[in-house]
Structure formats: structure tokens, C-alpha cells
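Participant: Here is what each chain is made of, one letter per residue.
6 protein chains.
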Amino acid sequence: MNNERYKRGLAKLEEIDGQAGEHVIASLKDIAPDFATLLIEFPFGDIYSRPGLDLKVRELAVVAALTALGNAAPQLKVHLHGARNVGCSRQEIVEVIMQMAVYAGFPAALNGLFAAKEVFAQEDTMASPTT
Amino acid sequence: MNNERYKRGLAKLEEIDGQAGEHVIASLKDIAPDFATLLIEFPFGDIYSRPGLDLKVRELAVVAALTALGNAAPQLKVHLHGARNVGCSRQEIVEVIMQMAVYAGFPAALNGLFAAKEVFAQEDTMASPTT
Amino acid sequence: MNNERYKRGLAKLEEIDGQAGEHVIASLKDIAPDFATLLIEFPFGDIYSRPGLDLKVRELAVVAALTALGNAAPQLKVHLHGARNVGCSRQEIVEVIMQMAVYAGFPAALNGLFAAKEVFAQEDTMASPTT
Amino acid sequence: MNNERYKRGLAKLEEIDGQAGEHVIASLKDIAPDFATLLIEFPFGDIYSRPGLDLKVRELAVVAALTALGNAAPQLKVHLHGARNVGCSRQEIVEVIMQMAVYAGFPAALNGLFAAKEVFAQEDTMASPTT
Amino acid sequence: MNNERYKRGLAKLEEIDGQAGEHVIASLKDIAPDFATLLIEFPFGDIYSRPGLDLKVRELAVVAALTALGNAAPQLKVHLHGARNVGCSRQEIVEVIMQMAVYAGFPAALNGLFAAKEVFAQEDTMASPTT
Amino acid sequence: MNNERYKRGLAKLEEIDGQAGEHVIASLKDIAPDFATLLIEFPFGDIYSRPGLDLKVRELAVVAALTALGNAAPQLKVHLHGARNVGCSRQEIVEVIMQMAVYAGFPAALNGLFAAKEVFAQEDTMASPTT
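For the protein sequence lines, the chains are A, B, C, D, E and F, in the order given.
Sequential numbering from 1 applies to the first sequence in full-length UniProt numbering.
Sequential numbering from 1 applies to the second sequence in full-length UniProt numbering.
Sequential numbering from 1 applies to the third sequence in full-length UniProt numbering.
Sequential numbering from 1 applies to the fourth sequence in full-length UniProt numbering.
Sequential numbering from 1 applies to the fifth sequence in full-length UniProt numbering.
Sequential numbering from 1 applies to the sixth sequence in full-length UniProt numbering.
Treat the hints as calculated values from the structure; they're not laboratory data.
Be a bit skeptical, because a hint or two may be false.
Note that the list lumps identical chains together, so a pair holds whenever it fits in one copy or between two copies.
[To be verified] Straight-line C-alpha distance at most 25 angstroms; calculated BS3-like pairs for lysine-lysine: (1) K77 - K56; (2) K7 - K29; (3) K29 - K77; (4) K77 - K117; (5) K12 - K77.
Based on the sequences and whatever the hints tell you, model everything.
Facilitator: As C-alpha cells, this is what we get:
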């Protein structure tokens, strides 16, 4: 057991992904609980916890990569929330996605923008008073 | 003719890619000269010239995307030089590439790191006195 | 402002994509209005407006590429409509998609065929009298 | 007409994919009936019928590849059922998908695991008595 | 044995790919001779031999798809020769590749153009008198 | 520091990849030494060390995935050696690669077969007496 990496990873996952991260972990419980542990330990405990690169830039890099790959829509949405959680502005996020038109084509950029539109709308709904 | 976009794009291309950019443009002259014009006008004149995102972050986003896609080695190298030209540290570049192991797998990250190793070595060769 | 490219692009977008194109442009208005402009100017104003290749062949080439990439279902459907709009027969479209089994595998071709099935059914619905 | 390949392929398709295979074939009837024939003859009549590799390993290899590519969710689900039909354990399937985190990234592996979760749940529903 | 498909495929392979096709078949002899047979029978005997789509358009569709995928440079070159063999003009080929910048990004289009440049140069060398 | 995972991973890396694995680790020393550690710990210490799936099947799954992705030739070759090291027959390897023609297209399968041809030839060279 590697408690230190796990604790560091869990804290980082919560910092970045908030409830969306917890939801992913919970959804793995009955199919591959060990994968939830590995997901906390390696990406979050090992990679995101490294110094040398700002969390905002890390999240914008993920948004860039997942927009370009275009085959992981749920994870792109999680990281669009994550980018917002760590302080990226909507403009920064939109600019990164638009730029992907150059490197992965217009369809990839369009699908990234539509994902951002959905995430920003959720954010507005959460932020607005319910009464 | 759209001289303003072309001039703005050419200046931006030189700022980011330096001689590597000029080399790409020159190599298109006999196969598709119009594509050289479009490459200057759209990616560099339209996209890279937009406000709202730091050039350093733009280059790190490209390094992330091309590392993740893993099918455009020559352009990844051009942008590794570009990232250095606009002020990214070697550590920032290496961190972005390492992070891609999480989103596109270890082979993609390894090939990105080996490209960076080659680009940094070229940089060292250029920087060192020849006598 | 580059009115000539924009006007040429908008006319070409309407020629190829009809209402589907207008829908894409409208859906970008609140998330990235500049991207709608760039989408009209570069792909449609610059690329599709070029001589030297028949619009029918251009659309079949897009159907081939998006079927092979397999990660841009909404845009594939827009261009399946587009291919029909510029005069491609259903048989030509189906043949191009089937051929992608050779270059990108049977799953990519199957998903392309199912997209075509959906688009052709919409076309039949639109064409049939409602009374 | 090549009856032998077709018959061999149809038998193999039923052995591997059961009803899911028949459903794919049926769904091609009105869009591309020839493609249904080719799908039975080449993948199932030519490839899966070859000696030299166990059907269980063939199905795990497909699960690996479609998880890694990440752009063919319906076919991944068909082959998750197929892997079960030819005798792969749930553990073997989950291990192959988890391993893809190393080669295609965590999002690809997560989406593969969620597909397996869905397929295993369907399997449980089918297996349980309805009264 | 399926002599008719094989003969039809071999004739089609020679019509499209000429010596490059024979070279691919020969290079498979010691690693996977059966795959050479399957390659002749399915892509060339079954797919390329179908009516309903012009061979020129078939080759331009392959050029589009392989340029967009960006991970099969040797096969792209074979089909650039193939496109020329069946009568596509250099301009048509270049236009299809340029168009891929819209659907798969500028790096994919650039690498496609550089492949075309190489193929056209080989063509010029072959065509010029050797004395 | 996590000595147990590292030791377990290093032993597994040597079991699977032999000298090729050591070469990869050594080549990372001056560009990203931490990545060498992560590569030993996560893929080899965490994933390959798991029970529930035979090492032979794990290697065939990697060969399938990297052949299908088609964008990581050096890593495919390392794992073709790895598959042989853990006991896969040449026939099993060739069958897995041929099968990828169905899921990722003939170019991907061809490039996989040519990589196998190269790896098997190196193997023959190593095995033959030098005097």
C-alpha cells in the first residue's frame, strides 16, 4: 500500500475535478476498483503533483490534447470543469480549443467548443440562486 | 488579396518558429505555394495573433496536442523550437509532454520526450561557440 | 475585416451545407462567435472556393476522411447532407464509406454507413409530402 | 458467389457475436446489403476462421484495439459480448482494458471500463430469471 | 481457393498500383504470405472492383483518408502513385490534400503535401530520358 | 520513494523487454529521468505485475493496440520483442497483427507486419552463431 501517493492524489483530484472526480471514482467501484486507486495514484498523485508547471497550464494542456484526440468527450468535460476550478478563464479555454482547429481540424475544435458551451452552461446553472 | 492578415501572420510565424517556419514555407513553393499563403494567413495571421491567451501557453498547448496525436513528428519538433523561442523553459515543456502519458499513453509521451531531447540538443549545438 | 472572403465563404457554406451549416454557425454565437467567422472564411471562403477540384469530389473526400477518423459524427452527418446537396448519388456515398473498411477498419465503415442511413432517412422524410 | 467463405463466416459470426452479430447484419440490409456479405466473408470467414490463434485471445486483442482507438463504442460493446461468448472471464477483459491506460491513456481505458460495466450488466439481466 | 476474386484483385492491383503493388505483395512473402492473398482478394478483388464509383474518385478518397489519419506514410505514397496511375491530375491530388487541413489539421495536410512532392519527383525522374 | 513498486517494475521490465527496456530507460536519463522512474513503477510495477491475465496475452494485447494506433513504431518493436521474450510464437504474433486489418485497416496491419518482419530478422541474427 502506498498511502502517501494515494492521499496526495486524492487531494489533487479534489482540487482539480471536485465532484466530477469523485463521481468517476465512484463509478469504477463495481467494475474495476483497483483502477480507481491507480487513477488517483498515478495521474493525480504522481503527475499533477509535480512542480515545474502551473496547474492552470496543465489543465489547458489537457483541454488541448483531449480536444485534438476527439475520442474522449466525457473526460474532456471533466477537465473543462477542472480548468475552471483551478482558475482558467472562459476566454483562455475557448482560445485553446479554437487553436486546435489548426492542429486537429475544424470538427475537433467544433466538438470541443460545444463541450465547453455545455460545461459553461452547467456552471451558470450551479452558480445561479434556485429561488 | 488580404495583405494585412498575411503580414501579421508572417511576423507571427517568424516570432514563433524563426528559421524553421521559413523552411516550411520554402518547402511548399513548388508543390503548393497557395498552401504556404494559407498557412501564414489562417494559423498565424488569424489564430496566433488573437489576444486572450499567452503565446507561451499557446505553444505548450500545441506541444500537448501534437504529442498526444503522435502522428506529426516534424511539426512537433518545429513547435518544440517554437515553445523555446517564445520563452517556455525546458522544464515546462518536459512536464507537458510527461503529462500526456496520462491522456494518450506512455508511447506518445516517450516519443514526445525523444523529440524534445533532439530539439534541445540542436539548441545546445547552435548556442555553443564553434571554435 | 475581410468582407470578400466572408461573403464567398457564406455563399459556399449555404451551397454545400444548407440549413445544417446555418445551424452550426448559430450554435457558435454565444460560445465563440469569432470561430463562426473563421469557419466561414477559411474552410468555405478559402478552401471550398478554390478551382481545380469538383465540389462533388470535395464532399466525397470529406466523407472518406471523417469516416476514417471516426471521431466527428456530427460533422460527418453535416457533410453527408452536403454531399447530397452538391449532387453525389447515394450509391457514390455508400461506396466511399464501404471503401474505408480497407483503410480504417470495419468499425469505422459501419459507423459511417449507419450515419448515412440516418441522413438518407431524414432526406426521405423531408422529401415526402406531409399531408 | 463464394458460398463456402460465407457459410464459414456466418457460423463464426454466430459463435462469437450471437444475436449482436445478427443485429448488425440486419441493420445493413437497407443501406448496404453487400457490406453485410463482405463483413461475414472477410473478417469472419477469412480472419476469425484461421488457425494459429485462440478465439479467446482474438477477442481480447479486439477489445484492446477498440479500447485504444476509442472511436468505435458500438463495436467495442459487440466484442465485449463476443469475448464473453467465447469464454473470456470478466477479470481477463477488465485487465486488458486497464492495461490500455498505459498505451492509449486513462480516458480510453475509462471509456472501455464503462462499456464493460454496461455489457456485464446486460449479461446479468439476461441471465437472471424474470419471475 | 477462390481463383476468380484473386485474379480480379491482382488485375485491379496492377491497374492501380503497378510495380508498387507488386513490391508490397513480394515483401509479405516471408512474413505473412496469406496476408498478401487476402490483400489482393478483399481490397482489390472485392472493393476496388465494385461498380458505382469511378477509380479516380476511389483513389482521391484514399488520399484524403490516409492524409487525415496521418499514420500510414508508406501506403499514402503507394496511393499517390495509384491516383496518378488511374488518371488523377497533380492539381486534383494537391487540392484534396490541402482540403484535409480543414478536417485533420495543418500538420496532416503538410505531411500529405510533402509525400506528394516526393511522389511527383519520382514520377519526373522515371519519365525523363536516362541519357 | 516507493522501493517495492520500483523493484517489482524493474524486474518485470527486464522479464518482458530485456535489453530494449534498459535502453529506453537509459535514453530518458538526460531528458526526463523522473519519467524513467514512473515508467518502471506504473506500467511495469503496477499493471504488468497484476494477476488475472497471462503475460503472453498482455503482450499480444499491446501488439494489437499499437498496431491499430499506428503511431508508435518504436514501442511496437519493443513489444514485438517482448511478446517473443515471454513465449508468444511468431504465428500468434502474425495472426494478431493480421486481425488488425479488420479493426484498423490494411495499412495499419501492413506496417505491423513489416515491424514484425524486422524484429524476427533481428532475432534470427542474434540467435545465429557469429563464427
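Participant: Determine for every hint whether it applies to the structure shown.
Facilitator: Quick rundown of the hints versus the structure:
1. K77 - K56: Close inside one copy (16 angstroms) and across copies (24 angstroms); limit 25 angstroms.
2. K7 - K29: within (18 angstroms within a copy, 28 angstroms between copies)
3. K29 - K77: both (21 angstroms within a copy, 20 angstroms between copies)
4. K77 - K117: Cα proximity of K77 and K117: in one copy and across copies (10 angstroms, 21 angstroms).
5. K12 - K77: Within. Shortest intra-copy distance 18 angstroms satisfies the 25 angstroms Cα cut-off; inter-copy 31 angstroms does not.
In summary, this structure violates none of the numbered hints.
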